[in-house]
Amino acid sequence: MKSDVEACRGLDATALAQSRAESLVLAYQTKIARFLRRMVGDAEVALDLTQDVFLSAYRLLAADPRRELTPGWLYRAATNAGISHLRRKKILRILPLDREVDRPCASLRTWRVDEQSVASVDLQAALARLNADQAAALLLTSYAGYSSSEAAGILGTTADAVRQRVCRAMRTLRSTMREGTE
Amino acid sequence: MRVAPECLSAERLAGAIALGEATDAERGRYRAHLARCARCLDQLGGEREIERVMITVAHARDDERWEPRLAGARAARRGVRAAGIATAVAALLVLVVAVSWGERPKTPTHLRAPLSAAESRALAALDTQTFAAPAGRAESLTVGASTISASLRVTVDGRGVPLRCTIERAPAIARWTRRSVGRRCTRAYRRPRPAAKGNAEPGGSAAADRNGRPMAERPFVYRFTKDLRLDDHAGLAAAAARGAVIPLLVICSSTSARLRRSPRRAAYFCAAVAALDAELRERGSALVVRRGEPADAIVSVARAAQASGVAWSAGYDGAAIERDRALQMQLEEQGLAALIVHDAPAVPPDETAAARSGSGVGYRAFAPYFDAWCAAPVASYEYPLLLRFAATTTSSQALPSPGEFDARECDVAAGAVAARRTLERFLREDAPHYAAAATDPANDRTSHLSAHLSFGTISGRAVARAAAVRLNDPFAIGEERLSVRLFLRAFAHRDFFFQLAWFHPETGAQALQEKMRDFQWAQTHPALEAWREGATGYPLVDAGVRQLRATGWMHPHVRAVAASFLCFDLGVDWRIGVDEWDRWLIEDDEALACGNWQWIAGVGADMAQYPRIYNPERQRRRYDPAGAYVRRWIGELAHVPLDRWYGRPSQSRQLALALEPAPAYAKPVVDHGLAARNFLRRYRQHASKA
Numbered sequence: 001m002k003s004d005v006e007a008c009r010g011l012d013a014t015a016l017a018q019s020r021a022e023s024l025v026l027a028y029q030t031k032i033a034r035f036l037r038r039m040v041g042d043a044e045v046a047l048d049l050t051q052d053v054f055l056s057a058y059r060l061l062a063a064d065p066r067r068e069l070t071p072g073w074l075y076r077a078a079t080n081a082g083i084s085h086l087r088r089k090k091i092l093r094i095l096p097l098d099r100e101v102d103r104p105c106a107s108l109r110t111w112r113v114d115e116q117s118v119a120s121v122d123l124q125a126a127l128a129r130l131n132a133d134q135a136a137a138l139l140l141t142s143y144a145g146y147s148s149s150e151a152a153g154i155l156g157t158t159a160d161a162v163r164q165r166v167c168r169a170m171r172t173l174r175s176t177m178r179e180g181t182e
Numbered sequence: 001m002r003v004a005p006e007c008l009s010a011e012r013l014a015g016a017i018a019l020g021e022a023t024d025a026e027r028g029r030y031r032a033h034l035a036r037c038a039r040c041l042d043q044l045g046g047e048r049e050i051e052r053v054m055i056t057v058a059h060a061r062d063d064e065r066w067e068p069r070l071a072g073a074r075a076a077r078r079g080v081r082a083a084g085i086a087t088a089v090a091a092l093l094v095l096v097v098a099v100s101w102g103e104r105p106k107t108p109t110h111l112r113a114p115l116s117a118a119e120s121r122a123l124a125a126l127d128t129q130t131f132a133a134p135a136g137r138a139e140s141l142t143v144g145a146s147t148i149s150a151s152l153r154v155t156v157d158g159r160g161v162p163l164r165c166t167i168e169r170a171p172a173i174a175r176w177t178r179r180s181v182g183r184r185c186t187r188a189y190r191r192p193r194p195a196a197k198g199n200a201e202p203g204g205s206a207a208a209d210r211n212g213r214p215m216a217e218r219p220f221v222y223r224f225t226k227d228l229r230l231d232d233h234a235g236l237a238a239a240a241a242r243g244a245v246i247p248l249l250v251i252c253s254s255t256s257a258r259l260r261r262s263p264r265r266a267a268y269f270c271a272a273v274a275a276l277d278a279e280l281r282e283r284g285s286a287l288v289v290r291r292g293e294p295a296d297a298i299v300s301v302a303r304a305a306q307a308s309g310v311a312w313s314a315g316y317d318g319a320a321i322e323r324d325r326a327l328q329m330q331l332e333e334q335g336l337a338a339l340i341v342h343d344a345p346a347v348p349p350d351e352t353a354a355a356r357s358g359s360g361v362g363y364r365a366f367a368p369y370f371d372a373w374c375a376a377p378v379a380s381y382e383y384p385l386l387l388r389f390a391a392t393t394t395s396s397q398a399l400p401s402p403g404e405f406d407a408r409e410c411d412v413a414a415g416a417v418a419a420r421r422t423l424e425r426f427l428r429e430d431a432p433h434y435a436a437a438a439t440d441p442a443n444d445r446t447s448h449l450s451a452h453l454s455f456g457t458i459s460g461r462a463v464a465r466a467a468a469v470r471l472n473d474p475f476a477i478g479e480e481r482l483s484v485r486l487f488l489r490a491f492a493h494r495d496f497f498f499q500l501a502w503f504h505p506e507t508g509a510q511a512l513q514e515k516m517r518d519f520q521w522a523q524t525h526p527a528l529e530a531w532r533e534g535a536t537g538y539p540l541v542d543a544g545v546r547q548l549r550a551t552g553w554m555h556p557h558v559r560a561v562a563a564s565f566l567c568f569d570l571g572v573d574w575r576i577g578v579d580e581w582d583r584w585l586i587e588d589d590e591a592l593a594c595g596n597w598q599w600i601a602g603v604g605a606d607m608a609q610y611p612r613i614y615n616p617e618r619q620r621r622r623y624d625p626a627g628a629y630v631r632r633w634i635g636e637l638a639h640v641p642l643d644r645w646y647g648r649p650s651q652s653r654q655l656a657l658a659l660e661p662a663p664a665y666a667k668p669v670v671d672h673g674l675a676a677r678n679f680l681r682r683y684r685q686h687a688s689k690a
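From first to last, the protein sequence lines stand for chains A and B.
The first sequence begins at 1 in the working numbering and counts up one residue at a time.
The second sequence begins at 1 in the working numbering and counts up one residue at a time.
Isolated chain A (complex conformation):
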């Protein structure tokens, strides 16, 4: 076992990069993976993309250990990775017939308590109907907790555009929920 002195003394550039990458992974791996799983609708793919995101972060830190990597940067990288994946697979508006792959997502049903009645809505199915930009805007704001202007910075667009995308995403969700409860 290394002593404290040995552990602390060797904080050279590589160790510093590793240490900061560790911190990023520890702090954000769950959030980014959940964000991506909601976006792409597949846990395996989300894990793959999460790894890609953190690998990019690690490479940047290895090149410049003192570079500031904010959570916003991670979400931007995750959003880009998610959008690229969705475009590449061209599955934007297609609900998979076989939900086996999506089993963990499908089991994550949410309950809406309205008055005293309980209706179940499959949010994941609703998210799968959104286009990538709308899903990203909705997830960044409602899921990751960014304001519209912060989300605009991440998505490289304006706050008004983010609000519009959120509205359109919400419209789709609403119609899906109506179908689910009828």
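None of these hints come from the bench; they were simulated from the model.
Any given hint might turn out to be false.
On the chain A side, residues computed to face chain B include the following (Cβ under 7 Å) [said to hold, decoys possible]: (1) T30; (2) A33; (3) R88; (4) T141; (5) S142; (6) Y143; (7) S148; (8) D160; (9) Q164; (10) C167; (11) R171; (12) L173.
Cβ atoms here follow ideal geometry from the backbone N, Cα and C, with glycine treated the same way.
Add chain B to chain A, keeping to what the hints say.
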């Protein structure tokens, strides 16, 4: 299809409303557009509909339980991207191995703050460090097994309150790490320092006192405060790890004053203390009771028993935090180790705060807090066989009796056994129906654990764990699980308010929201006395108040309605409400009371744009439609038909003939609609000005 420009604008407004970013003017513009455009009304819905959809998304986020297993993903990966991915996996493997390797404590990854190894060690040492002389002098910060040292300079203000800590000389710690640790030192220094789990005694367990007697052989005092039990006890476990325990109860002036305020509280406290003493006697020990100032009492007991230190559990309101800090310094000046342990919350504030950002400032919004709360593992201290008590050689004063606080005997079952029974009964019979019945005061299915939790006769951890077991019951149907989940969500508010008070101790006296701190609340009202006595003419409000005065407890939903009536219908300061109910409630949690009252008054942690103004009569019609709850507590209405109750707007424009005598019940003291509109106007004006 071409969309009209005003509809595009309405989409942006709807998006702003969905994100909670719309101003009043924007909401007005949206409503005006909906009044003109049937298409938008159908496709986008009104404001409530938008909020409802977004709540569904928020619930989905709150319910997210999927824990990504990145390491597992490596093995499962296959397909066309294998070559490229292999590189990524290998690199990530290095990262994951680097994370899991080393000497870090084996805590779940999602709870770790993003700290370097050096920072972790420095902070671990900081938690056990003794700060004896803060006044501008450098101190030695010992890290690990005293192999690294650093000079810690503390700057204090004129009153001696620490302002800033800086690490001046630390050859083994990088500069940026030093700054970060310095900031954390500052925060840690300003608050009492709770012991981290598994922390060693300063100097290590093998250290010896001046007489060469090993520290581990010396007893350790545990001072019971509001944690009157022996099982699943974080503080007792921490003390037992340091030596045989001397159980001590100090009845100081502040405790005595709190107990005298509410006779039922005093009676409950005395009964719980008696139960604790009986439990200790079964284990061959006994409670040592002292009256007086805590520092004097603790030092005298510790000296008599040659104890090496004292532990107690942290308080969470501003005054208690300040008292703990002062007591800790006094005891350390006397050469005693003073250990403060988080025991009341199921998840300590520092753990959720570390999960947030590592900055240690806690949460102000409940939804993300609940995320972190759910992800944090609930610790367990259920190993009573390991508790060792010192031989009872220390003299004790008499146990507290109700008469000492001008109270009568307790009519509520108190003590750890009663608390455990209450929890079991709730989880077995009531928890499955919590979703449907939690707001129904006549068919009360709430947990009734508030007094037990407040005096610590049961731990919050035990409640959370038992509820989690019920939640995972494979035979439970969906609605039962939903009920238990809702209960856990309500229960998490307790920890949420604890952490708010811990990180913002000033909120006991003033509003959490800065913009509402100078809002002009009335300090009195002609109807204030009627509200206090349960004679406002609004049956649900009055029934709740009378239940409180008769039993020391009020149904949670009725509390919200009654509190809303005071703040919005009467416009009276929420602090007056806190003070009034404090006279009657058995439970004794100032941090929770202030958090809940601020939440209702719209000046606390609730993120809603406007306060929730309850219509007391509509609430009565909705949640007590048959009037069973009201009739139980308001004798004047017991035999009066529902349509003759006051507070109920008349449906008929005809004059009613006085065929029966008017009920003896009071007429409404205010017009709710008018009072609520007036308050809302003032609130809007203030908020827009702020």
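Non-conforming hints, listed in increasing numerical order
3
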